[in-house]
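Colleague: The numbers in our numbering rise by one with no breaks, and the one at position 424 of the sequence shown is 478.
Just so you know, these hints were derived from the structure itself, not from any lab.
Keep in mind that a hint or two might mislead.
Stated by the list, open to error - Label pairs and their in silico Cβ distance ranges:
id, residue 1, residue 2, range
1, Asp-266, Pro-387, 28 to 38 angstroms
2, Asp-132, Asn-452, 30 to 40 angstroms
3, Pro-387, Lys-120, 42 to 52 angstroms
4, Asn-244, Lys-328, 41 to 51 angstroms
5, Gln-265, Trp-100, 24 to 34 angstroms
6, Asn-462, Asn-244, 42 to 52 angstroms
7, Ile-342, Asn-145, 39 to 49 angstroms
8, Phe-392, Ser-106, 49 to 59 angstroms
9, Glu-282, Glu-69, 43 to 53 angstroms
10, Met-448, Thr-312, 30 to 40 angstroms
11, Thr-362, Ile-342, 34 to 44 angstroms
12, Glu-66, His-287, 41 to 51 angstroms
13, Ile-342, Lys-144, 46 to 56 angstroms
14, His-90, Lys-328, 55 to 65 angstroms
The C-beta atom is built at its ideal place from N, Cα and C for all residues, glycine as well.
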Amino acid sequence: MYNILIRPLIEEDAETSYLWRNDSEIWKYTGKRPMHKVTPEIELDWIKKILSEKSSKRFAILCDNKYVGNVQLTDITDTNAQFHIFIGDKNYWNKGIASLATYKILHYAKYTLKLEEIYLLVNSDNLSAIKSYKKNNFVSTTHQEKDGWLKMYCNLSNLKPAKVSVFMMVYNHAEYLKKSLDGILMQKCNFTYEIVIGEDFSTDNSRIILQDYNYKFPGKFNLLLHNENIGAHKNQELTFKNCSGEYIAVCEGDDYWTDPLKLQKQINFLEDNKDFSICFHNVEEIDIEGNIRSERILKSEFSEKVYTIEDLSKVNFIHTPSVVFRKNYSQLPEFFEFCPIGDYPLHLINAQYGKIKYFPDKMACYRIGSGIWSKQDVKTQILKTVYTITYLIMYFKNNAVVKQNLENQVRLLLEEATVTKKIILDADYKDLYLISKKMYIGNILQLLKIKILSKIWKTN
55 MYNILIRPLI EEDAETSYLW RNDSEIWKYT GKRPMHKVTP EIELDWIKKI LSEKSSKRFA
115 ILCDNKYVGN VQLTDITDTN AQFHIFIGDK NYWNKGIASL ATYKILHYAK YTLKLEEIYL
175 LVNSDNLSAI KSYKKNNFVS TTHQEKDGWL KMYCNLSNLK PAKVSVFMMV YNHAEYLKKS
235 LDGILMQKCN FTYEIVIGED FSTDNSRIIL QDYNYKFPGK FNLLLHNENI GAHKNQELTF
295 KNCSGEYIAV CEGDDYWTDP LKLQKQINFL EDNKDFSICF HNVEEIDIEG NIRSERILKS
355 EFSEKVYTIE DLSKVNFIHT PSVVFRKNYS QLPEFFEFCP IGDYPLHLIN AQYGKIKYFP
415 DKMACYRIGS GIWSKQDVKT QILKTVYTIT YLIMYFKNNA VVKQNLENQV RLLLEEATVT
475 KKIILDADYK DLYLISKKMY IGNILQLLKI KILSKIWKTN
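Given only the sequences and the hints, what does the whole structure look like? Please build it.
Modeller: Here it is as C-alpha cells:
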C-alpha cells in the first residue's frame, strides 16, 4: 500500500531525474530518447526552462514521499491540454502508481484549471500504459497520428468520481487546519480519493492555508471558497452535494486522523460487506492544546462491534472524524436546512440503508473546546439537541422502534432542562408555524414541546 501524491516540479529534482534520462529502458516507448548523455547540469537547465513556460504544468510523482517520476500537462489552452507521464524509478513499475498519479492530474485539470478535455499520444505496443489510461476514462480514436502511435482523449465531464470523498467544513480553523490536512494526505490507499472542503469565508488564515495546500498537492482538493459567510447549514449542504465519491469520510478542520491506513481499512470492510452502510472507530479526545484527554470508548451497553439503526436511535455514539459511509443519496433531506446539528441526522439517515460496524482501533483525534459547539453553554446545547431529535422523530415516524427511542431521548433531555436547570417554559408559535410550513408538517404540536424552550434561556 502506498501514499501517492504529486507536487510541483522543483530544480532540485534534477539531481535524481538526470539518471532516468540516461536509461534506455525507461524511454523504450516514448520516442524521445536523448541524443547524448544527460548530465545533472543539462537536466537542471531543462527544468529551469520548462518551469518558466506558461503553457505547461509540471509535477513530480511522490510515492511515500519519494520522488519516483514525472507527470505533466503541456500545450495548455482554455479548454484542453496534452498529458505525459513516466515512472523513472523502476522499483515502482507495475504497482498501479502511474494510474493513481494520472487520476490526480486529471482531477487537477478539471477542478483547478477548469479544462474540458485531456489528450495523449501512446505507443500502440505499450499495452500496460493503454490499460492504465483506459482505467482513467481515456478512449482511443479510430486513426493513428503516426505509424505505431495512438491518440487517446479524456472528456473531463466523464471523469470517474473518486472512490472516496473526504468531507470537510472549515471556518476559522487556521490554528489546527494543517494537522487536519496532513492526516488526510498521509493516507495509503489503492483507490482514488478527493478532499472536498467548504470554506465559509473565514476571518483568519484558513483560506490561505487551503490555497497553499492546493498548490503544493494538486489533484487532491475540490475547494468551495464561499464569497460570503453562508452559515453551517448551507455550507454542509453544498459540501455534501459536491462529494461525488461512492463513499464519504468526514473530518472537520480542527480534528485529525492518526492512522495512515484508516481509509483503506474502512473501505476494505465496506467493499467486502455490502449489508453495512456505515463504519466508525474509536478516537482519542484532545484539548485545544493537543493534549490527550481520553479515548472515546463506548458505554457497556453499546460495546458490541455491530450496530443497527435501532441502537443508534438511542444515543449518538459515532464520532465525526471516525465515520465512513456509503453515499446512499445525492441530496440531504429538506429539514437539514433548519437542523441545528448536522452529524447525528446524517448518521441516522445512512443507518436506514444497512448495518453499522465499529472498529476498536484509535485512528483519529477529536478536539474538545475549539469548535462552536464546545463554546456554547449547556442550555443551548440541550435546546439544539432536542430540536434536532424532534426533526428526526418526524422523519422516522413510520419506524416505531426508532421513533420511540428518539422520543425517549427528548424526554430525558427535557427532564434535564426543566429539572436540573429549573427553566420556565414559554412558547414561540410564530417560529413553529414558519418551520412547519417549510417542512410541510401538518401537526406542529410535535414541535411545540421543544420549541417552547426557545425563550427559556432568557430567564436563567
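Colleague: Decide, hint by hint, whether the structure agrees.
Modeller: Hint check results:
1. Distance hint check: the CB atoms of Asp-266 and Pro-387 are about 36 angstroms apart, consistent with the given range 28 to 38 angstroms.
2. Asp-132 and Asn-452 have their C-beta atoms about 52 angstroms apart, which leaves the hinted 30 to 40 angstroms range violated.
3. One distance hint, 42 to 52 angstroms for the beta-carbon pair Pro-387 and Lys-120, holds here, with the actual separation near 45 angstroms.
4. The hint said 41 to 51 angstroms for the Cβ distance between Asn-244 and Lys-328, and at roughly 19 angstroms that hint is violated.
5. With their beta carbons about 29 angstroms apart, Gln-265 and Trp-100 fall inside the hinted range of 24 to 34 angstroms.
6. Range check, Asn-462 to Asn-244: about 43 angstroms between beta-carbon atoms, so the 42 to 52 angstroms window is met.
7. The given range of 39 to 49 angstroms is respected by Ile-342 and Asn-145, whose C-beta atoms sit roughly 43 angstroms from each other.
8. Taking 49 to 59 angstroms as the suggested C-beta distance range, the pair Phe-392 and Ser-106 conforms, at roughly 53 angstroms.
9. The supplied range of 43 to 53 angstroms is met by Glu-282 and Glu-69, whose beta-carbon atoms lie about 47 angstroms from each other.
10. Between Met-448 and Thr-312 the CB atoms are about 38 angstroms apart, so this pair conforms to the stated range of 30 to 40 angstroms.
11. Against the hinted window of 34 to 44 angstroms, the Cβ-Cβ separation of Thr-362 and Ile-342 comes to about 35 angstroms, which satisfies the hint.
12. Here the CB-CB span from Glu-66 to His-287 is close to 46 angstroms, well matched to the stated 41 to 51 angstroms.
13. In this structure the supplied range 46 to 56 angstroms holds for Ile-342 paired with Lys-144, their Cβ-Cβ distance being about 48 angstroms.
14. The hint said 55 to 65 angstroms for the Cβ distance between His-90 and Lys-328, and at roughly 57 angstroms that hint holds.
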